Every structure is written in structure tokens, then in C-alpha cells.
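Novice: For the record, the sequence lines run as chains A, B, C, D, E and F.
As numbered in the numbering used here, the first sequence has no gaps in its residue numbers, which increase by one up to the final residue, 298.
As numbered in the numbering used here, the second sequence has no gaps in its residue numbers, which increase by one up to the final residue, 298.
As numbered in the numbering used here, the third sequence has no gaps in its residue numbers, which increase by one up to the final residue, 298.
As numbered in the numbering used here, the fourth sequence has no gaps in its residue numbers, which increase by one up to the final residue, 244.
As numbered in the numbering used here, the fifth sequence has no gaps in its residue numbers, which increase by one up to the final residue, 244.
As numbered in the numbering used here, the sixth sequence has no gaps in its residue numbers, which increase by one up to the final residue, 244.
It is possible that some hints are incorrect.
[Claimed, not checked] Rough simulated footprint, nothing fancy, chain D against chain B, three-plus residues with beta-carbon under 8 Å:
hint, segment
1, 57–63
2, 72–78
3, 94–105
4, 110–116
5, 136–143
6, 151–164
[Claimed, not checked] Cross-link-like lysine-lysine pairs, in silico, DSBU-like; alpha carbons within 30 Å at most:
hint, chain 1, residue 1, chain 2, residue 2
7, A, Lys150, C, Lys283
8, B, Lys71, D, Lys89
9, C, Lys263, F, Lys8
10, A, Lys71, F, Lys230
11, D, Lys230, D, Lys155
12, C, Lys283, C, Lys202
13, B, Lys202, B, Lys150
14, B, Lys202, D, Lys8
15, A, Lys263, D, Lys115
16, D, Lys89, B, Lys202
17, E, Lys230, C, Lys71
18, F, Lys155, C, Lys29
19, F, Lys155, F, Lys230
The hints are simulated quantities; they were obtained by calculation from the structure and are not laboratory data.
The structure presented is a predicted model; accordingly, all values stated were derived computationally and were not measured.
From the three backbone atoms N, C-alpha and C, an ideal C-beta is built for every residue, glycine too.
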Amino acid sequence: MSVTPFRLPVVASLRKEAIEELLARGLRIDGVRDPFTPRNVRVELGVVEKAEGSALVKLGNTQVMAGVKMDVGAPFRDTPDQGVLTVHAEFVPLASPLFEPGPPDENAIELARVVDRSLREVGAVDLGQLVIRPGDKVWVVWIDLYILDHDGNLFDASMLAAMAALLDARMPYYEEIETGDVIVDHGVKTEEKLPIRHRVVTVTVAKIGRNLAVDPNFEEESVSDVRLVYALDESGRIVGIQKSGEGALKREEVLRALEMAKRAAPVYFKALEEALTPAGPGASG
Amino acid sequence: MSVTPFRLPVVASLRKEAIEELLARGLRIDGVRDPFTPRNVRVELGVVEKAEGSALVKLGNTQVMAGVKMDVGAPFRDTPDQGVLTVHAEFVPLASPLFEPGPPDENAIELARVVDRSLREVGAVDLGQLVIRPGDKVWVVWIDLYILDHDGNLFDASMLAAMAALLDARMPYYEEIETGDVIVDHGVKTEEKLPIRHRVVTVTVAKIGRNLAVDPNFEEESVSDVRLVYALDESGRIVGIQKSGEGALKREEVLRALEMAKRAAPVYFKALEEALTPAGPGASG
Amino acid sequence: MSVTPFRLPVVASLRKEAIEELLARGLRIDGVRDPFTPRNVRVELGVVEKAEGSALVKLGNTQVMAGVKMDVGAPFRDTPDQGVLTVHAEFVPLASPLFEPGPPDENAIELARVVDRSLREVGAVDLGQLVIRPGDKVWVVWIDLYILDHDGNLFDASMLAAMAALLDARMPYYEEIETGDVIVDHGVKTEEKLPIRHRVVTVTVAKIGRNLAVDPNFEEESVSDVRLVYALDESGRIVGIQKSGEGALKREEVLRALEMAKRAAPVYFKALEEALTPAGPGASG
Amino acid sequence: MKVEGVKLIREDGLRHDGRRPEDLRPIRMEVGVLSNADGSALVEFGRTRVLAAVYGPREPPQKFMLLPDRAILRVRYHMAPFSTSDRKSPAPSRREIELSKVIREALEPIVLTKQFPRTAIDVFIEVLQADGGTRTTGVTAASLALADAGIPMKALVGGVAVGKVEGVLVLDIDEVEDSMGEADMPVAGAPDLGLITLLQLNGVMTEEEFQKALDMAWDAIRRIVDMEKEVLRWKYNVGGDSK
Amino acid sequence: MKVEGVKLIREDGLRHDGRRPEDLRPIRMEVGVLSNADGSALVEFGRTRVLAAVYGPREPPQKFMLLPDRAILRVRYHMAPFSTSDRKSPAPSRREIELSKVIREALEPIVLTKQFPRTAIDVFIEVLQADGGTRTTGVTAASLALADAGIPMKALVGGVAVGKVEGVLVLDIDEVEDSMGEADMPVAGAPDLGLITLLQLNGVMTEEEFQKALDMAWDAIRRIVDMEKEVLRWKYNVGGDSK
Amino acid sequence: MKVEGVKLIREDGLRHDGRRPEDLRPIRMEVGVLSNADGSALVEFGRTRVLAAVYGPREPPQKFMLLPDRAILRVRYHMAPFSTSDRKSPAPSRREIELSKVIREALEPIVLTKQFPRTAIDVFIEVLQADGGTRTTGVTAASLALADAGIPMKALVGGVAVGKVEGVLVLDIDEVEDSMGEADMPVAGAPDLGLITLLQLNGVMTEEEFQKALDMAWDAIRRIVDMEKEVLRWKYNVGGDSK
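If we strip away everything but chain A, and leave its shape as in the complex, we get:
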């Protein structure tokens, strides 16, 4: 059962007015950006050596870690010729005073499912290449999203962390033994990467009062009525949408938000690319 959120952060109404007034003038409450620009974003790869792939994303003060684990398992009955991709998100209680320990709530489930669909629908990972023995043994790829610090816009940070961890991943060593079983040695990584066909990011646009703003921080999110999450691939196709939040949107707002998302997406793709090409000096702080 989904219940209207009843334990909400309280944002002083003066603060709320300030956020709205600034936005109306094309400014943000953090004083350093406009409505079209995400916060500083940094992607770090290989942060958990034991995982097949991992990444830490810092989007402003929001921190999300993603880990990719792989194992050999059975395919789904209706897709015997495809590997299995599973996304799971944990809102661990150290990330926010609003998070309590326990199984994933509707927000964590929604987040994981949006990331999952955004990867799956466009075929970001070529699951057809993850088959060991059709109908019997395939690779199961787990993406675990771990929210470490929640300062708003978990969607974009999580999607970026998932994508980065997938790109960071290397297949573990495995061999088929005579019984037909496949033994995986998680201690030994090969050089082989996952078959990534598309890179996907999401851009979240919040509606605050009458204004739209990309990448809301926690305070902005708290005073926003509704968020629209666009998943986009590198060629600009829409590969997923999620309206999230108690509010509603006009048709024009939906389309304006799409324009804003398309304009902001390259910032995320660039952060991803920078992490993958370690030649750069590596921004800090």
C-alpha cells in the first residue's frame, strides 16, 4: 500500500519562497547555477576491488555507490537465450535522517525499477552475449545501488553510478568442469568487459512552483511538487520516463522539461567519459 508521505522534511516557507523567486529569475538557491545546469558531478571507478565493477558518484553532496556482481545462473523461462540483469537499490540509513533500516520501500523500489528499465528497454547491455549454455546457464548481472548520502536527485546519481559500474566491470574467470557445472572464481578478474551497447543517463527535472529546474538538490526536491525523469541515450533518444511525486504537469511543461533534459544530459555523459579516460588531471573537492 502506498501512503501519502507523512514524515516529510520541513522547509521554512520563507526558504520555499526564496527558492521559487530565485528560480523565476533563473537562479538557484545554491547560488552557483542556473535552472539548466546540474551540480558538480564526479564519477570514480573501481572503488570496490572485490566487485566485478564499481563506481562512486558524487553529484553535489549526493553520493551513490554502485557495485556489479556476476554469477552463473539459470535464464528466465521466457528468455532462455539471454543473460539476466537485476537492479537493486538500498537506501541505507546512514545516508539520511529520513531513512530507517529495513527492506526497500516504495521509493527504493521505484528507483531500482526505473534504472532497470532505462538499461533494459534500449538494450544497454547485450544480454544475448551473456549466455553460457542456452536455456540452462547464463550470466546473472547484479547491479546494487547504495545510497550513501542523500542530498537530492537520487535518480540521476544512481543511473550514472549504475552505468559507470557496468562500464568498469570485468568478467570474472570461469571454467566449465566435467560435470557440466561452471565454476566462477570471483578472485580473478579477466580483461573481458561487459557487452555494453548504449550509454544511458537520466536527467531529472523538478517543477517548483511554476518553474522547472534540472538536478534538484534535497531542499529543492522537498519544495517541488513533481519530478519528471527522462532517460536518454547518447543519441538523444528517450529510453524511459517516470513522473514521480504528488503533483501534476501540463503538456507544455512535459515538453519543456524534455528540452532541459536533453540540454543537461551531456554533462553526465562527460563525467562518465572523464572517469573512463583517466588521462585527465582528476578534479577534486
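With the hints as your guide, set chains B, C, D, E and F onto chain A.
Specialist: Quick look at chains B, C, D, E and F alone, frame taken from chain A:
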């Protein structure tokens, strides 16, 4: 842990007295029946085309839907030569202000188990005919009881819905493939029926004050001390009993209730038969 | 999440002082022992004939029953050549007003895991002998600890009950059938015992105020800051340690507690031996 | 079960069930179908059959979740075990948990919750048969059940899914089109307010396709909400002269 | 485990364990066996061994379930993992949940709950060994434990199961008779009040068989409750002159 | 995964990773790494990487657990699914439940809980990568996070595990040594108070070995707590002149 019900419907004491006084005079609170007669009952078959079998039972204002689903599975270890029959009941919250979402509580479990036993003990379904490969592959028959509107006497309505859905069911198309696996196509129904050997109904008799009455409605149930549920087959044999409720019964009351149950059972069998022989005009309202 | 206990037994502060003063003088609140002596302990074997092995331990008023059940199952992936040993503890609500029905809480889990480790680390049961077909079929040995009456020191009583039930156990009759499956007949016990290589007991030493005392009863436990549990085998080796409770210990206290544990352990080993050699007159009361 | 070789768009441009791309399935709406609930409705889009019931405003057992200035909505989207081809476990799946949230958020903007502080309005949606579009059918049924319960609303909402199959945008997709198609975009909203209250896209679309799909959905939602109005008018005889 | 070829009724008319159809198994009753519980009892019918403990009247952690005019009963029937041939998972099964309800409803009519409003009386029943008739043995143990706890009762209750094996009605069936027989009818009641408080039938009987089975059970329950009285008299020396 | 044929103590007396028996792994400590938490710390012992966060003193949602004369501690030790070789299910395992208790009890003696009656102090420990010694690394990280949160403490605590591999006592064992060795003895304590607050032994030791292991641990804990002090001094510039 079973706990004395603490969130009970409140029936005004004047109303309670009225119910008892009427009963003492052989009348019911609904003004249209005597203590021996169930409410209007109507059975509708095939209400969910995707299920192998389905039925909707309206017993007065009480509505129960039953669906039969079939799949191929493993037999129980101690009955390798028998199919598997499973009854499950959901008291979904739209049926009553007293129902909350969540896993089945003791009332739903009791209901499902009474229906299950009443079918199982007399061998209503010939499980021996539901074997595909002994000890390995058998048909698993799920009966799901869905309470849609609770106006009392869920036992009789549910038993009738379960029986009707079983009679309505048609085996899905299946074939054994070369690997030895059995593929079921739920989209294609065959003409083959389930092997039903006996028809069973339950008749619930409530003790209200010093009186007995069959098929109590919700209000009568709320003021009754105890209900006695008799499962009977078409030949009048007792194929199950359940005393339910906080009260107690004298020996004579137990036997008198049995006589009342035997007298009322044909009403339910008739409703079942009418649903199966669609020649009739089809009662409405 | 582990939470500071908030529903604690209240021991009057005068009573607490009395316990501490007596201990300082080498006396106990029950008036019959010194700090080094466990309460009367009695082990009864074979108390549940249907179990492969069973024992009831009475340690003062504390009563713990242990049952050993065996079945054929798969080995763990990383120990294909070993049987499986599993310890589970239930703090059933009839044992104490502090116990509520529900899945095992942290105390029950800690208890089971300490007993499990104390048996496992020293190889008390030779799991290598419990293999039927390496990598495929092994014996699974369940030890279920059932707390029936909680008057303190569940660790020692439970460890003793587990050890006794293991020593009491006889392998069930089994045979391999032509399909390769193994059929176990729990109704027929053989004469074959479990391969026990070591006997292990735990001795719990409580720190109460500035004093140490073995085998605290419930009242003593309630006023103690911390308990130290030493698992010892018959040759005096330490085969497990658990510090349990909100308090802390100095190095000297840890070592003094060990000396006390080594001094008290023979009492438990003797009770075990007496149960196994039924020649004795059998203490009562 | 995956059906091999089905042509979703036939050579004559019609869909596998004979509909044109812009056609809705046959729709049936009925209100007041349950006696206990304060409001109820049964809505069918083709073989998709969804029952909704509303209780409230009332005091829920857990009072800690109440809000001082408005009613809370509690929404459950749930599928009957027999509603799907393979039996569905009755325990709430992750999908059902997400859709309960998405549907609640589709209803929040239109219910006048400020009129009932410190209460809960409960919306229970049971999918009796699932053949595509269950969430949008659920929103539609919930809208009717809320009206039937007399809950004040700013406007009625309705919903429908637009799909893309074999490159063609098609309205009100069924399960075959959903599972074999390239995109599924459920939309719900209140045409009288011009507000979209539910929007999801599972699949891939270009910006142009997205705009066109949105317009197809919006046009259909208008028709659906008109049907809702007619059913309610007929039931409550508001205005008096409905057919 | 199904035992093949066992004859449940031997040629001499006796049962597989040598009992006559109308015989009870050896019964053992002991009260006050636990130190913490307010009342407790251990009852054995043959190899069936059940422990019951009572706590209360007391205030439960969840106060919302209390009633203003009476005590509530909270009853748990639970089987030890080692009580059955195959290890039983300690999580409550559907069977245990049903039996907890059925046993609570067997005790409700005889406990004078009105004397303790706004409290809970807790009855915990642990099956230590299961060899048929555990629920009726549980009712019997609970009755003794309630008396041992000093809870006022209208009367004592006792219970026993009657079975039908190879067409013969037999009293106090054990597990073999239960699993291979044609019917199992557990009955519990208070003979001093003439009230049946638990009645179930799993299996098939004619009306005549049912009446005869009910009479067999009732006669045995009288004897069982007499034993309860004797045990309590002996324990509490009520009347003073019991053996 | 069990590695066959690895020599844990090489012929030169060094360990498989080149350390001497009495060597710690490279240790890294960082405080204030999270923005939301009132205090936080990241601690690494070799590849073992643990994050701790502290919230409080605050009022928890469930007020019934509060104590009138002190703050309660709520401690969760949890492993990230990607922290282990085989993916770990995120649901709390029995091991995690035990370790949460053991770690809480390692912190209880040093937190001045009496200063904050009727509140909760929450310590959340997340193992990001597990390579042996996670519980003692967790205690160390929790100690730093508590200090970073400004929670008054009697002293800092630190922890380390001593192992026995191939008969040799070795400090700060990693996962290979833990899984293939003969004993694992985690110890935590507050050297400034001379108090041991966590002590477990999984494995077999003689009394002499135990005493020596305890001394090895204690000596290392002194060094670890000194590092904690230095990190905090550096962060908060207490005393002003640390490097």
C-alpha cells in the same frame, strides 16, 4: 498467536435483541427468510477467461470470486502418484472495512483450510488422474478464493465458488518436449475437464442467542456466539466439520444444526447445477 | 539493528546491593553456593523418542531441551566433503515473561551461533564422516535448542543440552534406491552413533559489580554488567569465547574468569557423563 | 507466453485484433458494484478487468501517519492470483509496490484532501484479469470509485497506454502488443484541468514519436473521462436527461 | 513416512498398538512444571507430549488490542522442530495458525474473562512430541495450566480425537491411525457444563457414524476431565483426601 | 573461494602478503565524509573498507523503546551486497544480527549515554568491502564517527583481530588467513580506560596462546586508538600543532 478479536463490528443491543426475537419466532432480520433458508444465491461461471476455471458467487450481498490455475510441478514426496491441490484465500481490503492489506490472517487461513479439507478428504478431485509422470511431474491445481464483498457467511460462498470454478475448469494445452520438460500454454484451453468425482458444499449454521439459523448475514454473524460449518457431499455424507467462533454448543444443537444443514444443502447444489446448465433463463438482480 | 535493551527486569536496588555484598564475601544470593560453583545440574537423555537425539538440561530452575534431527541434503558448495551442522535456538514464550512469540531475536541468534561455533571450530562432530556421496549428498544435522524455563545462564544450559543430544543421537535407517536418491526412515533408528570427536561445554562467568561469579541465575544476570562465555573441551583447550552484555572487562578479569571457567567445567562434564552411564541411581529434585 | 510469428501490424494496417492504431478497445464501466465499500467501480478495457473500491475519509488503525492539514491517500494496486497467465503470488511484487505509488501520485493532484484533515482515504484496486493497461484502467476505476464514494475532486481522471509496435504508435495496447512491442507509455490525467498526473515510458521513442504518443493518449483520455461522466450521470441521474 | 501394509484393525479386532477401539492411550498429567510461568502443565497421551504455560492476567506490549469489558485470550499452538518425523520449520505454519485459533475458541467459553478487563491472558502450547491428537492434548494441557495459574474458569475442558480406520470408529487415534485412516474428529468440551467447545472433522462420516463418534469422544472427555481434577486435587490438596 | 595450496606462513616466517606476524595492514582513517550524518568516518584496514555514520541524540520513530535515565544505542552492522566475493543478500543475515549486538555492546561502555535521557544515538556501519576484520574495523569507524558527531565518550575505542595460522599467532588477519586459519579472535577496547569491550574467539587456542593473542591485540589497539586521536586532532585541530 491467536488473539480474541478486538476490532469487532458494533451491533446496537436493540438490533441484537430484534435479531434474536425474530429468530425465536422463526423469522430473520432481512424480513424474507426463515432460519432454514439461505439467502438468494447465484453462481456465474467463466468470469475470468484467462484462468483455467473461474466463478463468481453472490450469496445475498456477499461476493466471492474463485479462480483455478493449473501448472506442471513436482508431486509431494509422500504422494508421488497424485496431483497437487492447493487452496488459498485472500480477504482483500476492498471487501470490508474490517480487512486490512497484508498476508492472510487466521480467518483467511482457516477458511482456505476448511475448503481444502472438504474437497480433499472426500476426494472431490481425482488427484490420481492428474499425474503426468509419477514421482516427477504432476498437475498442480491452485484454487484462489477472492473475497470481494463481505456480508457474512464467507464459508458457504467460498466453498461454492471453489466447487464451481473446479467444474468450470478446462485443462490447458500442454506438450512434452524432447528434453522431458512439459510446456504448458495457458493461452490455449482444451476441452478436457478436471476429474471431479464429488460435488461438495458447506452449510454454515449460526447460533444466535438460543436459536440456530443457516447462512447468517454479516449482522447475524456479528451477534452470533458460534458457527458450525458442515461440509456435505451430494449423497448427504458429512465430509468435514468446523466449529468456528468464541462460543460453545450443546450436543443437541450440534445434531440439530446437522439436520438444518442437510435441509439447506440442496439450495446450494441447485445453484451450482443451474450455473452448469446454461439452458435456463438466467436470474438477474 | 541492535538496540539497548529497554524492557529489562527490574531488580530492587536493595536486592542488587545484597547480591554484590554477598559475592564480595564469597557467597551467592541463593544461599547454597560460592562464586565458583554452578547450580545443580541434571541432564536427561532421550526425552523425545521421535528425534534422532534429545536431551533436557535442568540447571537450577533453567530448563533447556535440545533435539537432534537428521536428514539427507546437499553439502555447502565450499565443503563438498563434509556434512552440515546447523544450530537453531527458539526462546519460546512459555519460558519467560520477557519472551514474545516471533522469529529469533538477537539473543536467540547469538546463543545459537555461539553454540554452533563452539562445536564447529574444534570439530566436535566429525563432519567428514557424514558424507554419503561427496559433493552431492551428505547428512544434515539439525540441533534445535528450545528454552523452556529461563532462570539465567542460557548459554551453559543450551551448550550442555546440545552436546548431550548429539551424544544421545542414533542415525536413522536409510537406503539408497536405484534412482540414486536416498530414502530416510525416521521411524527406525539404527544403533549407529554420531561421530563425536570432542565434548565441549561452555562456562559463563558474570561480572557483578566488582566480582565474578560462574553460572549466574536470572537475578544475578539482571544485575550483572557483562558475561564472559568460555567454551572449553575436555582437555581444557579454549574452543570459543563470547563477551556478552553492555559492560566491559579488564585484562585481569578476563584471565581470572578463564581460571574460574576451567575450575567449573568439570561439573558440567560430570553431569554429561552421568547421563550417559545410566548405572547411577539418578539424582532427583 | 511468447507467441512466435504473430504479426502485430497486418498488411492492411490494422492491428492483430482488427483495431486501427488509434482505436480503443471496447470499454465497460460500472459504478456501485460492491455493498460494503463507500464507493466502487468495475472498469474493463477489452479483457482487462479492474475493480476499485474506496473507503473513507476514515481513521486508519495507524494514526501516526495522519496529517494535520489534509487527508492522506492510501492506495493499493494488487493483482488477483488468477488474473495472469501464470498464477501470480498474492504477496505484493516489486512491480505492484511501484504501481501503487505511481497510481497514488496520479490521484493526489485531483482529490480535495484539504477538506478532510487527520483522515485517510483508501483506494483499493484489484486487477481481476490482466490483458495490458492495468495501471491506467486502475486509475480510471479509482476515479469512478472516488466519485461514487462522494469524495470531492477537482476533476475526474482517466488513463490509457500508448504503445509502439513494429514502428507504429498504437492506442490502448493489450498484453501481446505490450510484451512484443517496442514501447509502452501509460498516461493518465485530468482533461478538465489540462493536467497530466501519470506518465511513464517503458521503451524507446524519438522526441517526435513521444509528442505524437502524448497527443494520442491525451485525446483518448478525454474520451475516457467523458465516458466516466456519462456513467456517473446515468447512475446519479445528474442533469436528469442522460440516455 | 507412509508405512505400507500395516493392518490398522487386526483380526482380533484390536488396533495396531493392541488397544480396543474404545481405549485411550496411557495418559500422564503434571502441573506446575515450569518456574517462570504463572501456571503450567505437561500432558502426555501415549507418545504425544505437550507442554502448556499460562501468563496473566497481564498487560501485553501492544495495548491497542485490549478490551474494556473483558480480558483477551492470546493463544499460541506451536510445534518444536524436533517433535515430528521430518524436522518442522519453527516459523508458524498455516496449520499452526489455524489450530491456535481453534484452541483459543475452545478455551474462550470457559475462562471468566469478564473478571479481568483490559488485560491479556496468554496461553502458550508447545508440542514437544507429536504422535496424533496434539490439538486436543493441547486443550487439555491448557485447561490444567489455566487452573494452575489460578485463572477463574466456569469448568475444566478436555479433548480427544475419534478416528475412523478401516471402517471402525476408534478413540484417541495416534499418528499412524490418523494418516492412514478415513477420518479424524477432534472434540473438546466441558462436561460439567455439557458444552462442546471444539469440533472438527477431517474425513468422511455418515450421520450415524458422526453421532456415535461424538458420543465416544464425549464419554472419553468426561474421563479426561476427571483425571485433570484428580491431578489438581493432588497438587493443591483440595478436599484433602485424594490419593 | 578456497584457495588450495596457499602457504599462509612462508619459509622466511612472513605471511602470505609479506607482513610479519605482528604487523598491521596499511590503515586509513577519514572523518566527516558524509554531509547528512551528524558524524561519519571511513576506515580501511588493507582492503577492508568500512563506513560508519552517527545520527543523534535524536527521537526515534518508535518512542516506546526510550529509556528515562539514558540514551539508547541503536547499532546496525550491515554489508553491502557487493562487498563480498559472492553477492551478499541485502537482508540482514544471522551473522549481521549477532555482530550488530556485539558491536553495540562494544560501544555501550564508552558512550556517556546518561547525558541524553529519552533519546537514541544511532550508529550505522556499512561494510563496503570485506577482507577480514570487518567487525573490529567497524568498531574503530564507529568510534571516530561518534567523536565526529560530538557525542561525549569516556574514551575512544579501537579494534583488531588476532588469528592463528599454521600454529602462529598473527595480527590483523585478512580474509584468506581467517578462512584457512585455526582461530580468529576479534578484540576491541578502550586503552585509556584499560577496558576490553569486545572479545570473541572463533577457533581453538591454548591458555598460553590466548594470553599472548590478547596482548598482541591490546598492543595494536593502543596504536589504532592513537591513530584515531591523530586523525581527530588533524581534523579539529585540537592542540593546534599536529602535522
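Novice: For the pair supplied as a hint, lysine 230(D) and lysine 155(D), confirm whether the alpha-carbon distance does not exceed 30 Å.
Specialist: At roughly 14 Å apart (the allowed maximum being 30 Å), lysine 155(D) and lysine 230(D) satisfy the hint.
Novice: For lysine 202(B) and lysine 8(D), compute the direct alpha-carbon distance and say whether it is at most 30 Å.
Specialist: OK: lysine 202(B) and lysine 8(D) at ~22 Å, within 30 Å.
Novice: Are the Cα positions of lysine 202(B) and lysine 150(B) separated by 30 Å at most?
Specialist: Given that 30 Å is the threshold and the Cα spacing comes to 20 Å, the pair holds.
Novice: Are the Cα atoms of lysine 150(A) and lysine 283(C) separated by 30 Å or less?
Specialist: 55 Å, violated
Novice: With the threshold set at 30 Å, check whether the alpha-carbon distance from lysine 263(A) to lysine 115(D) stays at or below it.
Specialist: Distance ~22 Å between lysine 263(A) and lysine 115(D) Cα, so the pair holds.
Novice: Please count how many residues of the segment 57–63 of chain B have a CB within 8 Å of a CB from chain D and say whether that reaches 3.
Specialist: With 4 residues in contact (Cβ-Cβ under 8 Å with chain D), the coverage given for the segment 57–63 of chain B holds.
Novice: Just to be careful, I want the Cα atoms of lysine 71(A) and lysine 230(F) compared with a cutoff of 30 Å; is the pair within it?
Specialist: 28 Å, holds
Novice: Are there at least three residues in the segment 72–78 of chain B whose beta carbon sits under 8 Å from a beta carbon of chain D?
Specialist: holds (count 3)
Novice: Given the hinted pair lysine 155(F) and lysine 230(F), is their alpha-carbon gap at most 30 Å?
Specialist: 14 Å, holds
Novice: For the pair we were handed, lysine 230(E) and lysine 71(C), check the Cα-Cα distance against 30 Å.
Specialist: 28 Å, holds
Novice: For a C-alpha distance cap of 30 Å, please report whether lysine 155(F) and lysine 29(C) respect it.
Specialist: 25 Å, holds
Novice: For the segment 136–143 of chain B, do three or more residues have a beta carbon lying closer than 8 Å to a beta carbon of chain D?
Specialist: violated (count 0)
When the structure is compared with the earlier hints, violations turn up for hints 5, 7, 9 and for no others.
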